[in-house]
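Enquirer: The chain contents come next:
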Amino acid sequence: MSIAWYLAVSAIVFSLGAVGVITRRNPLVVLLCLELMLNGANLSLVAFSRMWGNGDGQILALIVMTVAACEVCIGLGMIVAIYRRSLPVDVDELRELQG
Amino acid sequence: MSAILFFIAGFGVIAGAVGVVVLRDPFFSVLALVGHLISLAVLFLLLRAEFVAAAQVVVYAGAVMVLYVFVVAYVGGSASGLRGDDLLPGVRLGGANLRLGGAIAGGALLIELLIALLGTGLKAIGGQGAPYAPGPRTFGTPAYIGNLLLTRFLLAFEAASLLLLIAAVGAVVLAGRRGGLEDEEQRKPLAPLDMIRPQGTGTTAEGVGVRQR
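Chains as they are written, first to last, in our numbering: chain A, 322 to 420; chain B, 4 to 216.
None of these hints come from the bench; they were simulated from the model.
Predicted, not measured: the structure shown is a model, and the values here were computed from it.
Glycine residues also receive a C-beta, built at the ideal position from the N, C-alpha and C atoms.
Just to be clear, a hint being listed does not mean it is correct.
Footprint (simulated), chain A over chain B, 3 or more residues, beta carbon under 8 Å [said to hold, decoys possible]:
{"#": "1", "segment": "25 to 34"}
{"#": "2", "segment": "99 to 107"}
{"#": "3", "segment": "135 to 146"}
Per label pair, the in silico range of CB-to-CB distance [unchecked claim]:
{"#": "4", "chain 1": "A", "residue 1": "L418", "chain 2": "B", "residue 2": "G124", "range": "44 to 50 Å"}
{"#": "5", "chain 1": "A", "residue 1": "G374", "chain 2": "B", "residue 2": "G124", "range": "18 to 24 Å"}
{"#": "6", "chain 1": "A", "residue 1": "D413", "chain 2": "B", "residue 2": "A111", "range": "38 to 44 Å"}
{"#": "7", "chain 1": "B", "residue 1": "S5", "chain 2": "A", "residue 2": "D413", "range": "42 to 48 Å"}
{"#": "8", "chain 1": "A", "residue 1": "S407", "chain 2": "B", "residue 2": "R102", "range": "24 to 30 Å"}
{"#": "9", "chain 1": "A", "residue 1": "V388", "chain 2": "B", "residue 2": "G129", "range": "27 to 33 Å"}
{"#": "10", "chain 1": "B", "residue 1": "V69", "chain 2": "A", "residue 2": "V388", "range": "16 to 22 Å"}
{"#": "11", "chain 1": "B", "residue 1": "L117", "chain 2": "A", "residue 2": "D413", "range": "18 to 24 Å"}
Bound conformation, chain A alone (with noise of 0.2 Å):
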């Protein structure tokens, strides 16, 4: 298969996590959309990378799924914070910031 798809693959995944992130209200859903964007972003970058033969791109991947799994980290412990504060657990009525 030429890398054309592998592209067109990938921008498919990255709109629909776009989407996702617009339109769910629920954090969680919210994060799993980050995900989705963020594995879009990867298999271009794996793609490129295959292309012209060199390991960059790979690198980069491993480091963009590092940084994911340090966002689900924090954001699932604001999510288990904010349950627990009994706050609901909906982004369109969590709007005010307070220490």
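Put chain B on the given structure of chain A with help from the hints.
Expert: Quick look at chain B alone, frame taken from chain A:
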């Protein structure tokens, strides 16, 4: 053969992504994301990125998704506390408009990305990629990735490890016991005798911060 595998895996990738966005119960969204990630690992294998595919399955589909499942189980499904998208249709304002607007924005983004990616002047985009010969140290194998990570990308590697450490500390701080669970007056100071407890009396409920009244 690789074309057939590509279409099967690509279908899995896109179907999993659609499932994450569309399904109402967050638990099913997580399961759809697991399917998406495993199909994506197949695509990575087709692109000769063996180590990235293995890390994808082990780290993402294994560890991170287990974390998600635990949090979904802790916070509860869409029925209790954690509201799904439109359990009460018509009550929440802007549901249909939001969805339509989101679909339009996503479609515009998709068209723009496709134009940007496929309309480039890159000649190699229509090819199969660089020449590849299987071997123990070729492109994409763990030896190759490890060599790159520890020589050319050492700084990025160390920065990523520092980032992981900071994220772990941040998660502990966020999910720790303090943080407004109880008022300052109710929190009595810890007596030295409280530190000593018989073995095996610390329960899981205490560990996750459930209060005992």
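Enquirer: All hints are to be evaluated individually against the structure, with a verdict given for each.
Expert: Now for the hints, and whether the structure bears them out:
1. For the segment 25 to 34 of chain B, the assignment as covered by chain A holds, since 3 residues bring a beta-carbon within under 8 Å of that chain's beta-carbons and 3 suffice.
2. Interface restraint, the segment 99 to 107 of chain B with chain A: holds (5 residues with C-beta to C-beta distance below 8 Å; minimum three).
3. Judged by the Cβ-Cβ criterion of 8 Å, the segment 135 to 146 of chain B is covered by chain A as claimed, because 3 of its residues qualify and three suffice.
4. Our hint of 44 to 50 Å for L418/A and G124/B holds, since their Cβ atoms are close to 46 Å apart.
5. Under the hint 18 to 24 Å, the C-beta atoms of G374/A and G124/B, about 19 Å apart, fit the expected range.
6. In this structure the supplied range 38 to 44 Å is violated for D413/A paired with A111/B, their Cβ-Cβ distance being about 23 Å.
7. Separated by about 45 Å at the C-beta atoms, S5/B and D413/A satisfy the suggested range of 42 to 48 Å.
8. One distance hint, 24 to 30 Å for the beta-carbon pair S407/A and R102/B, holds here, with the actual separation near 28 Å.
9. As the Cβ distance of V388/A to G129/B is approximately 31 Å, the hint placing it in 27 to 33 Å holds.
10. Between V69/B and V388/A the beta carbons are some 19 Å apart, a value that agrees with the proposed interval 16 to 22 Å.
11. Restraint check, L117/B to D413/A: a C-beta distance of roughly 31 Å breaks the suggested window 18 to 24 Å.
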